[in-house]
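Colleague: Using the sequences plus the hints, can you model the full thing?
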Amino acid sequence: MTRILYHGQPNGPSFTVLAAAFEKDVTLDLREFDLVAGDRHAPALPHPIEVDQSIEGEGPVFIVDGVAMTDSVFLACYLDEIGSGPALRPADPYARWQMMAWCRYVIERVAPAAACLGVAAHPPAAVPAGIASADLEQRWRDAVEGRADEARLADSRVKIAQAVEKLETQLADGRDWLMGDFSIADLETHAWLAGMRSIVPEAFAASPLTNAWEIRLRARPAVARALGLANVAHPEAIWAPGPEINRWG
Amino acid sequence: MTDVTLYHWEPNANSGKPMLALFEKGVAFDSHYLDLLNFDQHKPDYLAVNPLGTIPAMTHGQHVLTESTAIMEYVDEAFDGPRLMPVDPVDQWRTRWWMKFLDQWLAPSFSMIGWSVFVGPSVRQKDPAELEAAIDRIPMPERRIAWRKAINGAFSAEEMAESQRRVALGITYLEQALGQRDWLASNSYGLADINGFNLAYAMPLSQPQLCNDDLTPNIMRWLRAIYARPATRACWALGRTDLARRISLLESEPA
Chain A
7 MTRILYHGQP NGPSFTVLAA AFEKDVTLDL REFDLVAGDR HAPALPHPIE
57 VDQSIEGEGP VFIVDGVAMT DSVFLACYLD EIGSGPALRP ADPYARWQMM
107 AWCRYVIERV APAAACLGVA AHPPAAVPAG IASADLEQRW RDAVEGRADE
157 ARLADSRVKI AQAVEKLETQ LADGRDWLMG DFSIADLETH AWLAGMRSIV
207 PEAFAASPLT NAWEIRLRAR PAVARALGLA NVAHPEAIWA PGPEINRWG
Chain B
54 MTDVTLYHWE PNANSGKPML ALFEKGVAFD SHYLDLLNFD QHKPDYLAVN
104 PLGTIPAMTH GQHVLTESTA IMEYVDEAFD GPRLMPVDPV DQWRTRWWMK
154 FLDQWLAPSF SMIGWSVFVG PSVRQKDPAE LEAAIDRIPM PERRIAWRKA
204 INGAFSAEEM AESQRRVALG ITYLEQALGQ RDWLASNSYG LADINGFNLA
254 YAMPLSQPQL CNDDLTPNIM RWLRAIYARP ATRACWALGR TDLARRISLL
304 ESEPA
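If you read the sequences in order, they're chains A and B.
When we follow my numbering, the leftmost residue of the first sequence carries the number 7, and every step to the right adds one.
When we follow my numbering, the leftmost residue of the second sequence carries the number 54, and every step to the right adds one.
Calculated directly from the structure, the hints in this document are not laboratory data.
All C-beta atoms, glycine included, are put in the ideal place defined by N, C-alpha and C.
Treat the hints with care, as some may be off.
Said to hold, decoys possible - Cβ-Cβ distance ranges computed for the label pairs, FRET-style:
1) A287(B) x V150(A): 47 to 57 Å
2) S204(A) x D180(B): 45 to 55 Å
3) D155(A) x A221(B): 24 to 34 Å
4) G91(A) x L105(B): 51 to 61 Å
Modeller: So this is what it looks like as structure tokens:
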């Protein structure tokens with residue numbers, strides 16, 4: 007079985023998938039590519055619907071025996087299913103529902119806000135050629151031209167502050183990890199929030215539980231190994247267009 | 054006797070997903086119908102169950118569950134009955150990929166069109182003061198904005214054109230995927246099909262120029278195969294409006 011992971015800097019969705027693979031002891035052929043330069047759209051990569059229309063926007067591409075897969079939470083579920091390391095999802099169906107509903111909240115509300123703020127703070131240089139999705143191409147144009155309007159940025163900052171409040175509430179009973187045991191929810195939440203400390207510092211002004219959780223998380227060997235793949239000083243400052251902000255508001 | 058209660062509207066879109074999953078698993082449940090057009094989902098009785106006022110919600114014993122796609126995964130794991138998540142891990146990934154694509158990209162476009170042509174006009178004849186009070190009771194600010202737009206017919210031409218663009222493209226993606234395998238995400242019937250059917254069952258009626266036996270034979274084959282299942286018949290029998298009755302179109306033979 008061949009498993010090739012094309013990944014960007016360990017931030018956002020690339021972070022989730024790299025850390026999940028290391029947590030689960032899955033052997034991968036790791037190939038770095040530059041999401042900010044638009045490498046995901048290069049002809050050398052496969053371009054099925056699931057790559058070109060990924061809701062996640064610019065994220066890793068994982069190829070298993072010729073099947074190209076995207077969307078970090080679901081790739082992490084796949085790795086959890088096949089890997090030998092400790093489970094990254096609760097076994098109890100209700101606890102698993104809680105984890106999937108949490109991840110859905112991160113995917114749908116937090117990730118679009120973080121990506122919007124991330125590319126506004128660190129705009130990519132140019133719109134790459136070959137983007138199949140017209141709406142993703144539009145997000146690239148907006149990012150390159152710095153066209154995010156103030157209302158959208160303000161709403162995104164609110165979304166980040168709400169996410170940190172939600173973390174503080176979730177961790178209030180003294181638990182180490184969001185779902186009790188360590189899970190994909192911890193990885194995916196950190197993936198999108200790590201870069202927000204410098205961009206929305208006010209959201210972290212009174213977040214002692216979140217701060218301690220982040221220190222615990224980054225001390226995990228698999229997480230440290232994923233972060234160690236960075237070849238820039240601050241991978242959390244590397245952003246390419248992400249999921250779109252819900253069209254219904 | 055059952056310890057499962059489902060709070061739902063029509064067998065359609067989000068409500069229909071856990072409904073059909075429960076029927077496929079053979080799980081008995083108390084059906085609690087909420088009339089979306091009468092704003093039942095924002096009344097105190099229901100807000101006591103789901104404070105966000107979104108439909109559907111399911112209770113199982115002491116547990117309260119929301120988010121229709123996540124509920125479907127729970128239903129599949131928590132109860133006996135035929136397995137609805139494929140066994141192969143790659144097929145599991147593909148199931149979740151398609152459900153997310155439908156939930157976050159295609160369904161919002163369909164529902165923008167649906168709200169503009171059905172939900173908005175259906176509630177618009179109500180007393181304006183009563184309507185305004187009903188909207189003020191909606192807990193989520195995003196939903197208040199959506200309802201005001203639907204009622205006032207205020208979706209912009211650009212928003213509607215973008216929704217129509219996505220619907221047309223989404224239909225071609227579905228046709229392509231269903232040309233590659235028997236069912237949407239694998240070669241066994243499962244959660245992605247249940248999700249997709251709830252979005253797509255009325256497409257031959259609502260988008261006849263884009264979805265028909267000539268242009269999209271694989272979609273038509275897939276819709277008819279799902280409609281033929283006893284669980285689908287039982288589920289759609291719980292419908293009370295013309296919305297759910299659109300399913301009868303699938304009784305037609307291939308052209």
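Colleague: Which of the numbered hints above does this structure break?
Modeller: 4
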